[in-house]
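Peer 1: Chains as they are written, first to last, in this note's numbering: chain W, 1 to 194; chain V, 1 to 194.
Read the hints as simulated data drawn from the structure, not as lab findings.
All figures in this text were calculated on a predicted structure; none of them were measured in a lab.
Same chains, same names: a pair is fine if it fits in one copy or spans any two.
Calculated cross-link-like contacts (lysine to aspartate or glutamate; reagent style DMTMM-like; alpha-carbon spacing at most 25 angstroms):
id : residue 1 : residue 2
1  : Lys-193   : Glu-41
2  : Lys-193   : Asp-147
3  : Lys-193   : Glu-19
4  : Lys-126   : Glu-51
There are 2 protein chains.
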Amino acid sequence: MGRVIVDMSPSIDGYVAGEGVSVASPFGDAGLRLHRWLGFEGATPAAADDEAVARTFGGAGAVVLGRRMFDVGIGTWGDDGAFGLPCFVVTNRPEPELVRGPTTFTFVTDGPAEAMRRARAAAGDKDVVVPGGADLVRQCLAAGFVDVIHLHVVPVILGRGVPLFGGGTPRYEAETTDVVASPHATHLTVAVKR
Amino acid sequence: MGRVIVDMSPSIDGYVAGEGVSVASPFGDAGLRLHRWLGFEGATPAAADDEAVARTFGGAGAVVLGRRMFDVGIGTWGDDGAFGLPCFVVTNRPEPELVRGPTTFTFVTDGPAEAMRRARAAAGDKDVVVPGGADLVRQCLAAGFVDVIHLHVVPVILGRGVPLFGGGTPRYEAETTDVVASPHATHLTVAVKR
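So here's chain W without its partners, still in its complex pose (with noise of 0.2 angstroms):
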């Protein structure tokens, strides 16, 4: 069976977006400065961060995603969906299937759990990727779902903003198995352990 892998890119004092998330604003005043790396705002990706995205993505099958960050991020995803691969939100509000080309999002009424089910069915020996929000990577570590957590640490102090993980987990012991570093971000490959 595949992993279950979060992705997220915290500023040094570890806020995954700024305040005043919204559909206008995804990252809210953080604008895309966390995800630069990515190679927004014509920033031009080292060959560490064309690596941290193929582990992340590389042998994914399904992605599980929040909510909200479907409805901020939708907009921008393009004709194709971005992620390319079965998406399944967890949502109180059900809403018929949509396409975007090959990436299909499926919205699942009956919680994390049940999203993760559905997602690692999808998936097969694959990865399911969980990229945010940060609300639903706290509910994923709360049930004990998580295995790898991928942290891009961006050299940047937002001093307010949506707190990596949302507080309130339960306590982990990890591994940091790995670390790459160009100069727009610090790739950490950390190894949960439940």
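Use these hints to put chain V onto chain W, whose structure you have.
Peer 2: Chain V in isolation, oriented as in the chain W frame:
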């Protein structure tokens, strides 16, 4: 003039202490988990860990620390006061200087700027280290005092506790100038752009 160096050991999820910080438990329910890389709890520091200590304290001429950190720490710092340097404690309560072997603790009641001024004077061309607590670090960042942050990211998820920098600092661009990793911690050197 020397640099002002902040030195903090956060968990993966950005906490520098657990909940319930007290004299009996200086890091709250996190215990010494975040400082195992220094050799606590029977751990053996790796070369990268020793190097990380040397980076912060190798050129240090003085220390500025918060009152709460002093109160919860002094009982554990032994007969030599641990730092071996002139230390300036930011506090509201005046108190006579305390000498512990090569370490002096001077209580400064005129705020962080005055403590920093006195520490810089004591340090001469050497660096001033700010080891905490989070609230003093936040104040030093807000005042624009900080040149370098040494971040020792420890592979544990605490889930709750004292957030790195306390939150509410201004936004700063930064540059990660060096990364060294051991099984105990990933050591980032971050230059703050002001």
